[in-house]
Structure formats: C-alpha cells, structure tokens
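S.K.: I would like the entire structure built from these sequences, with the hints used as guidance.
Here the protein sequences come in this chain order: A, B and C. Using the numbering used here, you'd call the opening residue of the first sequence number 1 and step up by one each time. Using the numbering used here, you'd call the opening residue of the second sequence number 1 and step up by one each time. Using the numbering used here, you'd call the opening residue of the third sequence number 1 and step up by one each time.
In short, the hints are calculated from the structure, not lab data. Heads up, the beta-carbon is just placed ideally off N, CA and C, and yes, glycines get one too. Worth double-checking, as some hints may not be accurate.
Far from chain B, by Cβ distances over 12 Å, these chain C residues were calculated [to be verified]:
{"id": "1", "residue": "T42"}
{"id": "2", "residue": "W207"}
{"id": "3", "residue": "P397"}
{"id": "4", "residue": "P446"}
{"id": "5", "residue": "G595"}
Example chain A residues on the side facing chain C (calculated, C-beta under 7 Å, incomplete) [claimed, not checked]:
{"id": "6", "residue": "V21"}
{"id": "7", "residue": "L22"}
{"id": "8", "residue": "A91"}
{"id": "9", "residue": "D95"}
{"id": "10", "residue": "P97"}
{"id": "11", "residue": "R98"}
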Amino acid sequence: MPLGAYLTLAALVFAIGLFGVLTRRNAVGILLGIELMLNAVNINLVAFARFRTDLAGLIFTLFTISITVAEVAVGLAIVIVLFRVRRTVEADHLDLPRG
Amino acid sequence: MIPFPVLSIITWAPFVGAVLIMFVARHRPLAVRLIALVSTAVSVVLSVFIFVAYEREAAGFQFYEKVPLVPPLGISYELGVDGMSLLMVLLTSVIIFAGVFASWTVATRSQEFYALLLALVTGVYGVFVSLDLFVFFLFYELAVLPMYLLIGIWGSSGEVRPRGIFGWAFRETGVGSKEYAAMKLTLYLLFGSAFILVGIFALYYGTGSGSFSFLELEAASVTPRTQFWVFLAFYIGFGILAGIWPLHTWSPDGHASAPTAVSMLHAGVLMKLGAYGVVRLGMGLLPDGALELAWLVGGVACINVVYGALSAMAQTDLKYVIAYSSVSHMGLVMLGAATLTEAGLNGSVFQMFAHGVMTGLFFALVGLVYEKAHSREIFKMGGFGRAMPGIATAFTVGGLSSLGLPATSGFVAEILTFMGAWRSAHPWWLVPAIAGTFLTAVYVLRVTKQIFWGPPSPHFHHLEDARGPEWVAIVLLTAVIVLFGIAPGIALDPVDTATVPLLSRLVKP
Amino acid sequence: MRTGSATLALIVLGLPFASFLLLALVRPLRRSAGAAAGVSITAIAGALVAAILDFRTAVPREPTQSPSTTWAWLPGDGGPMATVGVMVDDLSLTMLLLVTLVSLLVQVYSWAYLHDEPRPSLGRYYAYHSLFAFSMLGLVLAPNFLQMFIFWELVGLCSYLLIGYWYDRPSAARAAVKAFWITKLGDLGFVAGIVMLWSATGTFDFWTLFSMGTMGTLPVELLPCIMFLIYLGAVGKSAQFPLHIWLPDAMEGPTPVSALIHAATMVTAGVFLVNRAFPLFRLTPDVLVLVAWVGAFTALLAASMACVDDDIKRVLAYSTVSQLGLMMAAAGAAAPEAGFMHLVVHGVFKALLFLGAGVVIHVFHTNDVFRMGGLRPWPWTWLPFVVATLALAGVWPLPGFYTKEAILAGVLHAHLTLPFLMLALTSLLTSFYMFRVVFLAFFARPHGHAHTPHVPWLMDYVCRLLAALTLAIGFRMAFFGEHHEGPGWLPAFSLTLAGAGFVLAWAMYHRRVVDPARVAAALWPIDALARRRYFLDAIFAGLYRWVLLTFARLIGWTDRYLVDGVLNVLSAWTLRAGDRVRGLQTGLPQDYVYGVALGVLLLFVLAQWSLR
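M.R.: If you want it as structure tokens, here you go:
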C-alpha cells in the first residue's frame, strides 16, 4: 500500500478527532477526540518509519503513546474533580476561564 | 562656584523626605508633617539662594551638573537653570511649602499622602532643571503618575447630571466621581506625554547627534519640515498639560476633585510645566517650527482666555470657578509666548509665576472655606467676610491679582503680555487678551461679593477664620503676590536674560 | 513753567503709603480706631505740609528740561521697558495741594461723622483712606502713562473698597462692584491705547512723547485711534456718558468718601489725564471735538437727572457728573487750563457741598430732602452749603463764576455752538437744582418740632474752613486774578442763567407759587426719562444679565456637555468596545481550540502562499 494511503487514513482520523473535540458536549467525549488525534499522529509516525526505514519514528511513537496515557489519566482526573465542583461534565457549563 | 550640587539637592530633597516618611514615620502624623516641612523647607531655602546667587550678567545655564548615565545612547543626568527655570523652581518651592501647610489636616493615611506629594514634587523640580531630554521625560512621568492616587484616594466627589446628546456617555463613564477625575486626568496627560516622547525621539534621530542633551540638540539643526511636525507634537503634548482648548477638560474635573495641596500644585505648577515645555523645547529647539506655528498657538490661546473666563462665570461650584480661571490664565501664558516678542515672552514667564502663586493661594483658600463651611456652592454662601476677614482679604488680593490690578504680580504679567501682543505678528490678539481682563473682573468680583459680602447666609453657622498653620500658606502667598507686583524687577531681571537669547535665535533677520 | 523738588514729592507720596502699610500690617494699630485715625491724619497732614513747601519752592525751568525723575521698573534689552518716578510740574504741584488738603479735611471730618462705627471697621476705613491718598498722589505725580494707569487702577480699587465699606449691605456691595466694572470698561480702552502708543514709540514717558510731538517725530498714523482709546479711560473714570452710571450708585459709601473720591479727586482723574496728555490730544483735533461734545452732552444729561432726584447725595452726584462734563468740554474746546481751574475750585466747593450734606444727613438721619427742613434759625448749618451752592451756580465773586465763564468762553471760541448751548442750559439747571436742594433741605417748613440740631463741632468747623477757603479763592480770583478776554456779554449771560435758575427754584420750592408737579407734567417726556435715568442703567443691567451671563452659561454648558461630552463619548466607546471584545473570552476550552485550529490553518495557508 502506498504511503499516501496511510497518511490519508491518519488525516481522516485526525479530522474526526478534531471534529469530536470541537463539537462534543461531554467532556469525556472531548478527551476521546483528543485520543483520536494523538493516535492519528501515531499512525503518521509509524507510516513514515516504515517507508523510510528509520527507527526514529517508532521511538517517537512509543513516547507519544506513553505521554498519551499520562495525559488521559490526568484528563480524566480533572473531569472527575470538575464533576465534583460543577456536578456536570457538559462542556458548555465549564466556562471558569471566562473573561 | 558653589561647592555642592545645589540643583540635585533641591530636586531630591522632597524624594528623600518621601522615603523617610514611608519608612520612619508610619502612624506618626506629626512626624510625617515635620519631615515634609523640613524637606520642602530645604528646597525653598536653596531655591531662594540660587535665585539670589544667579549671575544675571553671565546669563545662560548655571549651577550645572552632569553625570553620564548611558553614554552609548547619549543619556546623562544633566542639570542646569537659566533665568526662566530659576523662576519656575522658586515658584515650585513656594507652592509646595505652602501646600504642606495647607494639607495639615489630612486625616486618613497622611503618610502615603505626603509621600506621594513629595515624590510628585521631585518630578516637577526635575523637569524644570533637567537639561537632558530623556531624564526630562522621566521626571515628567514622575510628576504625573502620583496624581492618580492622590486624586483617586484623597479627592472629593461631586455630582454631574448627565445632559445633552452625549448624556449616555456620562452615565457610563461615571462623571463626577473622584475616581473618574483621577482616571481622566492621568490618562489624558499620559496621552499627551506620548506625543512628547515621539517628538523627543524624532529630534534624537533627526539631528543625528546621538545625544539627548538639550545643549547639544540646541546647536544641532533639523529640517524646517521636521521642525514643523515635531513642534506640533510638542505643542499638543505639552499643550494638553497646559490646558489648551479643546484639550483642557481634564483640568476642571481634576482640580475640583483633587485635595487642596494637589490642586495648588497642579494648577499652580504642573500646568506651567506644559507651557514651559512649549517654550523651552518647542521654541528653544525648533525655531522654524515655532515661527510657522505661532499663529496656531496664539489663536488657540485667545480662545482659551475668553472661553475659560466665560466658563468660569457660569460655574456654581467655587473650585470649578478657579479651575476655569486657570484655563483662562494659561491662555494668557501661551499667548505671551506666541507673540515671540521680548515683552510677550517675559510676560508669559512672569504670568506662569504670578498665576501659579495666585492660583495656589486661591485653592488654599477654597480648601479652607470648604473645611469651615463644608460646601462649595457659591450661591448658598454670603456674608462670610464678617466671620473670616483674613480669608476674605486674601481672597480679594488673589482676585485682584487674577484680574490684573496693579501692585499685584498679575498686572505686570498682563501688561507685558499686552505689550507683546500688539507688537507681535498678529496684533489683533490684544483684543481677546484685554477682553479676558474684563471678563475676569466680572466673575472674580461677582464671586467675591457673593461669598464674602452681603448679609450672613442662613445656611451656615459657626464659621471661623484661618487658624495657626493655615495662616502660613495664606500670608506667604499673598506677600509674594504683592512683593512681585511692586518690584517685578526681582524676577524679570533673570527672566529677561533668558528670553532675549531665546528670541534672538527665533526671529531671523 | 516750573518744576518742584522730587524729594519733597516723594515725601508727599511716601507718608500716606507708610501710613497704609502700618495700618494694613499692624493689626492692633488698626483695630484701635483712634490710633489708626491719628496715624492716617498725621501722615496726610505731613503730606500737605510737604506739598505746600514743594509748591512754594518750585523753580522755573527751561522748556527743554524734563520735570521728571524716574527709576527702572520693567527691565528690558537695551533699556528698561517701563519706569516709575515723579513728574513735578505746575499741573502736579497744584493737584498735590488739592488732593492732600481735601483728603486731610475729609479724614478729620470722618472722625466725627463715623464716630459710631465699630472700632476695627473704622481702622479699616482709615487704612483705605491712606491707600487712596497714596494712589491719587501717585497718579498726579506720574511721569508716564504706565504709572498713571497703575495708580488709576489703584484709586479704582480704593473706590471699590470704600463704596463697599459697609459690605454687609447688598446695595453697597452691588454699587462697589458696578463702579469697578464700569470704570474697568473705560480702562480697557486706556490700556489698549497706551500699549499701542508704546509699541509705536517705544516709550510710555510723557516728557519724551511730548518732545517727540513738538519735534514732529511722533508716528501719527494711529494717533487718533490711540488718543481716543486713552480718552475712553477718562470716560469711565470721570463718568462721561455712557459710562456715568456708576457714580450715582457710588453714593452708597459714607458721605466723606463721596466728598473726597467721587467729587474732588478720583473722578477728576479723567480730566487730569486729558490735561496732562494735552500736548498729544492737541495733535488729534477730531478726538478733542468728540471730547467736547460728549462732555457737554453729559453735563446736560446729568443736570436733568439732578432736577428730579430726592436724595441729596444723588443730586450732588449728578451734579458732579455734570461738572465733569463741563471740564471735559473745556478740554475738548482746546481750553484745558480753564477746565483744570474749574477742576481745582470745584474740588473745594463740591467737597464742601458733600460735607455740608453730611451735616443735614447727620441731623435728620435720612438722605431724602423732602424729610428735611426748618434749619433757618441756625445759619451755621446752612451757610457753608449756601456759599458752595453760590460757587457752583457761578455767582460773582465766587470761584465758579470765573472758571465757568472761562469754559464757556473757550467753547464759544472753538465754534462749538451746540455744546455751548447745552452748557448754557446746564448752567441754568445747575443753579435750579442746587437751590431746589437748598430750599428743601434747609428752609422748608419743618415737619416735627424745631429743636437745636446737634452737629459735632469737628464737622461744623471743617465746613466753615472750606467755606472760608472758597470765599478766599473767589476773592483772589476777583481782585487779583488775570481776566481772560471772552465775549463781553458772557459774564452777564452766565449770571442771568444762574439768576434764572435761582428764581425758578425759589418760586417752586420756597414761595410755592409754581407747582413742581405741573411743571413736571408739562415736561413729562423728559421728566419721565430723567426719573428712570434714561433707562441707561437698565440697558447695562440687561446687557450684563441677559447677554453676558447667558452667553457665559452657554459656554459653560458647551464645555461640560459638548467638549467634555465628546471626550466622554470616546471613553464610553472604548469601554463598550472592550466589552464586546471580552465576548471572545467565553471560558469554554472548545472555543479556544477552535481559535488555535483556525490559526494553525491560517499559518499553514500563509506559509504555502509565501513559498510560492
């Protein structure tokens, strides 16, 4: 399969993830969207690693996966705390940084 | 040769006083006032000393000091006084000394009050003695910024009912409160200082001299076209501080809302900073620009004189009357300068001094009246002369100086301005100047009659005359008004030595 | 032409000034009225002595010799811009005598007249008197226009302070301020004129200007305009039409003040100015013609108003305005010496009239002539007043006869026919209204029971002294003076006018054979106008209230609500704009992500574009 196919897949996944971030009302859903975007990046990295026979991409991917895991943990923790404060996880109501 | 840096001491003594107050005299009101008194007294004594010690034949900038600050950029701490700034330094020291006494009864947080006041005064002194434009600007900002706190915290609020097509804006911006006045004054003056800064940099880069020193910039030259724009920038920037129409509206609210000493200092000295800037920087460094734009400076000044006097006539709040009177007299100052004649310029500088003292006296008196009567409403007052004859007398003397009665310093200033006006390139300026005198006589005497003469007003009881330290400010300022009215040569001799060389650069054959 | 000692002149000037300083600065001295009066009277007496000495020791001088002694006052490049000093010539020597003498007598008289005043107020009164004496003397001794203007304004200040002596009376306060404003209007012209003169010639100095005038080096282009403007100052100060309206109201001040300031000295400053500057006025004959016409008109106008007033002081005030008009007419007719002589003698007998009026006011506690009368049995109350009346009416051999005749002769000689007729009618009216007052105030049937009026001896003796002086001057003029040639019929004519006025007054107010009401009805347009002061006061008041104050309020409103309004609008717009922009900060992270995403996209596009 040509490189382009993988890149297209990654782009699609990224777009779906971005769309999810921008439009989902549920905070957990937003986190899922972020996950998708990060995984799309991973797909890109792995694809390039394969087609350039460069190990760097794979190492990058390992890094991003671990960071993603940490970020998800923190993110979900924040959502839980927010729920305790605001009793909701609906994004429209979480406007504390409002100016 | 004086073995010690006189000008630096005069300039920084109040600042040292401010620092001492903040660190040493917290919660001890009497100590605060004593420190303020001593530091301003040092400045007064020294400024009288340099006034006497100034060599009139030698002229030029004397008591010179220079300490390079940032040599690669051409910034140095350079001080010196000539005849003009000498008189201004004397004015400042007299006013602040009187102001310290006039603020004796500040109740809340007097240490911060006096500290800010003294810091402000250092800025004012610095502007008058500075010969380096960068440092000049620094001192200028130092003279403006404490105003915000002084007026915003220790000022008084009034009520202005929103009217007219712009009434909605009045509600939104909160016109009438002291916070509004403080904000308006500070922002307006900073807006002006932006123009000044641009002008300074234009000169710095335009002359290519690589130095901010006034003396070097004076020797260098800039194209007439640049001079035109830079003069315009200076005129607008300094003019805002001098209260030129229509950029003067920060002044009535600012003066009315400010506490007594701040008003005295502001109307008495700070507005003169603006005029001084136009003369010293505008006319001193940009002769061609000044010649080209004299018509504008003079024309706007004529508007100031008449408009200010008429506005003063219409006011019902005593502080506003005096504030508009300042706008009117600053018009006379600018008019004298715009005539570009020896008599006119002498008159202008002398008017800065005369009006400074007179308005300082007025605000001190108004502060006293307010303290005793708890009102500034002119038309509720009446017959105060019986209860407070001393204040009435001083008010009359101040009023007579305002309308230019001979034997007061105001007359000398006005007659010189008139003489300059008729000899200038625009002789018709004499007409509004003289009309201004008449209008001033109308509102001054009307207010004096309303407040002090006639049967005692039923609205006020238990009025009393000035007491103790309050007398110092009144007597000092009244004496200065009369002294310089009878013997103006004392001040005019040094001033003349400064204005003649300045004009010789301007009026090209 | 003579010149006197400058040192003596400075002493004359310095004594009242020292007295003023002492009284102004030393509070206990001022509060004790007796000491204050003592200081002031001693000073003015000393000044009188010095003035007499100066007058007697004056020496003749060459026409090219300046009688001035000056010192620099306003410095300038290449010589002082203005000087101060003294100019001691015939004109000023005579005025020195007049001013010091009348001041002294008035100050002495005041001690009795104002005896019931609170002590501190009386001290203040004497302080003002000293200041006035100093100012008036400085004016007459002025060697240049600027100094004259300085002291001109200072006497105006004293007038304001003394009219407003009883400052808790609203009418007095108003009158004082009105006097100041109206004279200030004239002063605007004065100051403009002298500034223009200085600009053209480089000097204020009389002597220098006069020399330039005779040598023909005076720049004459703007001279008529300049002299007219300077004359405007005289119009205000000497109460010429239309700036005469302040003088009748100035009667709010104490009677001795009216005698001194508003009869003998301050108001004559305008006439003095025209006399002093006559070498310059001579070069502008058009202005002089105007001066004469205005003077004659003022004389007649004021005389008509004097005929219908009941307040004795106001009649005298109108009389003063009228006589000032007469003096001005003389100057305008190029006979300034006649006007000046009249100024001096008028000063004496007008002061006497006022002080004599003070006597009846003191006796009856009112100014209304219709509430007085019945003083025939006590000649010492009315005799001085009658002497002065005869002098004013111009009866031989009293001073007014000669001076008035000289003035009329001068006016006739200058071919000013209508002014002459106006002045002739004025003479008749003068005699009429003065005798009207005499008959009503002294000889009318008494209202209450008659008892010996109590008049303080000080007041009485001062009046007697002035009466004797008047008679002495008159006899001196009659038997030792030079008689100027005028038309032969003039003396008889003027005596007839005086006589006619007397007869009219006698018929209407003594014998009551002619009913004043019917005369008034017959002349009703003039009578009505005169009673309402020809609406001139109303016009000025209207201009002040409805034009000036309204315009001022308009400007004040414009400044607050339009000029400042624009500023507040800008400020309000800034606040509103800020509010709108704040809307971007929703606080929702998703919106911020939107922003970031869009921004990245934009950057990406831009990068691609610029690479192309």
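S.K.: Was the hint right that L22(A) lines chain C, CB cutoff 7 Å?
M.R.: holds, 6 Å
S.K.: Would the non-interface assignment of P446(C) survive a Cβ cutoff of 12 Å against chain B?
M.R.: With a cut-off of 12 Å, P446(C) remains clear of chain B, as the shortest Cβ separation is near 35 Å.
S.K.: Hey, is T42(C) genuinely clear of chain B, shortest beta carbon separation above 12 Å?
M.R.: At roughly 23 Å from the nearest Cβ of chain B, T42(C) sits farther out than 12 Å, so the non-interface label holds.
S.K.: Against chain C, with CB atoms and a cut of 7 Å, does the hint on P97(A) hold up?
M.R.: With a minimum Cβ separation of about 5 Å from chain C (threshold 7 Å), the hint on P97(A) holds.
S.K.: For the hint on A91(A), just tell me whether its beta-carbon gets within less than 7 Å of chain C.
M.R.: It holds, given that the least Cβ distance between A91(A) and chain C is near 6 Å, below 7 Å.
S.K.: Measuring Cβ to Cβ, find out whether G595(C) lies farther than 12 Å from everything in chain B.
M.R.: holds, 29 Å
S.K.: With 7 Å as the cut and Cβ atoms as the points, is V21(A) at the interface with chain C?
M.R.: Status holds, d = 6 Å.
S.K.: Verify that the Cβ of P397(C) lies farther than 12 Å from every Cβ atom of chain B, and report whether the claim holds or is violated.
M.R.: holds, 43 Å
S.K.: How about R98(A): closest beta carbon in chain C under 7 Å, or not?
M.R.: R98(A) check passes; min Cβ-Cβ to chain C is 3 Å, inside 7 Å.
S.K.: Could you let me know if the closest chain B CB is still more than 12 Å away from the CB of W207(C)?
M.R.: holds, 20 Å
S.K.: Holds or violated: is there a CB of chain C closer than 7 Å to the CB of D95(A)?
M.R.: It holds, given that the least Cβ distance between D95(A) and chain C is near 3 Å, below 7 Å.
Hint compliance for this structure: no hint is broken.
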